Every structure is written in structure tokens, then in C-alpha cells.
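Heads up, the sequence shown is in the numbering used here, so the first residue is 3 and it goes up one at a time.
FYI, nobody ran anything at the bench for these hints, they're computed from the structure. Treat the numbers as computed from the prediction; the structure is a model and nothing was measured. Positions of the beta carbon are idealized from the N, C-alpha and C atoms, including for glycine. Hints are not guaranteed to be accurate.
[What the hints assert, rightly or not] Simulated restraints on C-beta separations:
#1 Glu348 to Pro67: 28 to 38 Å
#2 Asp150 to Glu263: 32 to 42 Å
#3 Lys331 to Ser204: 22 to 32 Å
#4 Glu305 to Ala7: 19 to 29 Å
#5 Phe224 to Leu103: 24 to 34 Å
#6 Arg237 to Gly283: 33 to 43 Å
#7 Gly16 to Gly283: 36 to 46 Å
#8 Asn313 to Glu293: 19 to 29 Å
#9 Glu305 to Ala156: 34 to 44 Å
#10 Ala7 to Asp262: 15 to 25 Å
#11 Arg174 to Asp234: 42 to 52 Å
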Amino acid sequence: MTTTADEIRGTTHGTAPVPLSVLDLVTVGSGSTATDALRTSVALSRLAESRGFHRYWVAEHHSMPGVASTSPAVILAHLAAHTDRIRLGSGGVMLPNHAPLVIAEQFGTLEAMAPGRVDLGLGRAPGTDGATAAALRRTDRLGEGADDFPEQLAELVRFLDDDFPDGHPYRRIHAVPGPVQATSPGGVQSPHRPPVWLLGSSGFSARLAGSLGLPFAFAHHFSAQNTIPALDLYRESFQPSAALSEPYALIGVSALATEDEKEARRQIMAAALNMVRLRTGRPGLVPTPEEAEAYPFSPMEREFVDSWNANVVHGTADEVRSGLDDLRKRTGADELMITSNAHSGELRLRSYELIADAYGLPTA
Numbered sequence: 003m004t005t006t007a008d009e010i011r012g013t014t015h016g017t018a019p020v021p022l023s024v025l026d027l028v029t030v031g032s033g034s035t036a037t038d039a040l041r042t043s044v045a046l047s048r049l050a051e052s053r054g055f056h057r058y059w060v061a062e063h064h065s066m067p068g069v070a071s072t073s074p075a076v077i078l079a080h081l082a083a084h085t086d087r088i089r090l091g092s093g094g095v096m097l098p099n100h101a102p103l104v105i106a107e108q109f110g111t112l113e114a115m116a117p118g119r120v121d122l123g124l125g126r127a128p129g130t131d132g133a134t135a136a137a138l139r140r141t142d143r144l145g146e147g148a149d150d151f152p153e154q155l156a157e158l159v160r161f162l163d164d165d166f167p168d169g170h171p172y173r174r175i176h177a178v179p180g181p182v183q184a185t186s187p188g189g190v191q192s193p194h195r196p197p198v199w200l201l202g203s204s205g206f207s208a209r210l211a212g213s214l215g216l217p218f219a220f221a222h223h224f225s226a227q228n229t230i231p232a233l234d235l236y237r238e239s240f241q242p243s244a245a246l247s248e249p250y251a252l253i254g255v256s257a258l259a260t261e262d263e264k265e266a267r268r269q270i271m272a273a274a275l276n277m278v279r280l281r282t283g284r285p286g287l288v289p290t291p292e293e294a295e296a297y298p299f300s301p302m303e304r305e306f307v308d309s310w311n312a313n314v315v316h317g318t319a320d321e322v323r324s325g326l327d328d329l330r331k332r333t334g335a336d337e338l339m340i341t342s343n344a345h346s347g348e349l350r351l352r353s354y355e356l357i358a359d360a361y362g363l364p365t366a
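Modelling step: build the complete structure from the supplied sequences, incorporating the hints.
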């Protein structure tokens, strides 16, 4: 089975310069539960589908009370049951945390649940701190996972395509659901398999994605200084493949739209305080804007907040649209994947509605 460009490239709607998509961290605000956050995710996936967003990804994180997306495959299965058309995927699964066979089985199952609309985005970072990564991997030799990423990726793709060569120790091992079912007596198998994307926040995955002819997703929302160098490296390294004849890159961007500019600033300060706590080893639930207003930021923390918020596109819907348009022009991104982080699930939903309205996206 192979992936075609039609399964990768998105469709532009309204006046948006490129396809728009959603990255969901399943954030949990103070005073809320993971159940509340997951209900918001269901509502948001339905909203995204109805308004013409192209894909909906969830990201793997661990040991962070304010982020409930520890198990992307489980969440995606739940969202598949509540949507019909929108592409669903991982942004991403952290490959070194898992055996490639397990990921192939999980995403083969998702593909069986939602044929032709599942993406497999892969990262090589742990998605957490070193101690948690060691617990996940049952080893403290964490560098090996990142260093072995190309080999792990190749093994995963072999499992997805069921094409280990004769003599390989895994030749008789099959990821199910998967292509082996088509070769069994009476077997019929879907022609689709999840497109593989590489995710990154530096040049390593950019170069690897380019050399393999894979689509690339860059984490602009937390590594903005590396965005243009990484995208340039991806395009320069690109080699045509069966999946893509030319590069295709999306960028994740943090954006929050509200009816009032001042309210947008209040909300992003709460998200910034959450990042301050995370970066200083005090992860917690996403605080309220009132908590952020009362928090005594140190000069160093204030400097971090100012730097962090400078890369959050925020304000009224028109201001956010203008900021996204400018970002697309500066980077040449083929797709924008928007993550709206705020304490309130209702406010996150409203942000996507306002952005969709600003671009005249479909209303049904």
C-alpha cells in the first residue's frame, strides 16, 4: 500500500491562503477535569469538520497535569466515532517512546475505523521530561532513542507496508489490521494506509523528511526562531517519492481570537504562565487569567513571557487573520495548523469559530 499526494495535500476554503487545520493539546484548565477537556475536543473536532478545517491532530505529552493528550491513538479513536470527513492524526506520536510494531497496529486499527482519513505524524522528542521518558521507555539511555530514529522509522514503515525482505527476522511478523489480511485466503484489505509525516522543531527531522520525500510539520508555536531555516532545509533536501513529487510543509501556530483585543491579551497571559510553570519544573493545570494577573512574575519570567507571547497570533478575528496571513507569507507554509490554548474550553471553541468566520469558511 502507498500514500498519494491527494491524501496529504489539503483543500483551501473561503479566503484562507492555504488549508487551515487544528492541533489539539486537550488542555485542562484549573477547576476542570480531563473529562471536560475531552468533551471539548469532541465539540472542537465537530466544529472543525463543519467549518472546513482540513485535519485535526492531537499531540503526545506525558506527566503534564494541564495536557490530557497522553494517548493520541485512544483519543483519535474517540474522535473518529464523532466525525465523518475530517482527517484525524497525531501531531505527533513520539516514536522513541514506543515499539514500531505497536504504532503500526494502533494506526492500522484507526485506519480500519476511519478509512482514508488517518495521518501518522511522528516525532523523535520524548514529549516530556527525561525522568518520565525513562519511565516510558524502561531505560535511562535516552539518547539512543533519538539517535536511532531513522532506523525506527524505517522499521515502522516496513510494518505499515508489510514488506520486510526475505531473511529479515521480522519477515513473518505482521501488523494487524494491515496488508497481510489481503493475502490471506478470502482476504480483502483497504488500499489506504496512514500517510507518514515527520514532525520537528529543528533541522534534523526537516532534513530527514526531505531526503525521504515525506510531508513535514514544523512546531513554529514553540520554536519560532527555527521555522524558516528548517523549512528551507526541508525544501533543499527534498527528494521526490511515491508519496510526494514536491515538498509539502505545514507549520503549527499558536493563535487565539476573541471579540476584544484586551481579552485576548488576558487569555494568552494565562497560557504563558502555564508555560513558565512547566519550564521551571512546576507543571500544573492551565491557570485562569485572574491567576495570571495576580502572579508576581520575576524579571526573568517576564522576559520569557514576552518572548513566548510574541509568537502567539492574538487579538480580534481580523487581527488574527492578518497575523496568520503574514506568517504564511514569511514562511511559505503549505498549510497552517492552529492551536488555540486558553483556560476555557468555550473560549477555545469560540476562537476557532471567529477564525473560520474571518476567512469565510463553510458554515455546514
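Hints and how they fare:
1. Glu348 to Pro67: 28 to 38 Å: 20 Å, violated
2. Asp150 to Glu263: 32 to 42 Å: 47 Å, violated
3. Lys331 to Ser204: 22 to 32 Å: Given about 23 Å between the Cβ atoms, the range holds.
4. Glu305 to Ala7: 19 to 29 Å: Check failed, 43 Å falls outside 19 to 29 Å.
5. Phe224 to Leu103: 24 to 34 Å: 30 Å, holds
6. Arg237 to Gly283: 33 to 43 Å: 37 Å, holds
7. Gly16 to Gly283: 36 to 46 Å: The hinted range 36 to 46 Å holds for Gly16 and Gly283, with Cβ atoms some 43 Å apart.
8. Asn313 to Glu293: 19 to 29 Å: Holds - the Cβ-Cβ distance for Asn313 and Glu293, about 22 Å, lies within 19 to 29 Å.
9. Glu305 to Ala156: 34 to 44 Å: Given a distance of about 42 Å, which is inside 34 to 44 Å, the answer is holds.
10. Ala7 to Asp262: 15 to 25 Å: 41 Å, violated
11. Arg174 to Asp234: 42 to 52 Å: Holds, at about 43 Å.
When each numbered hint is compared with the structure, violations occur for hints 1, 2, 4 and 10.
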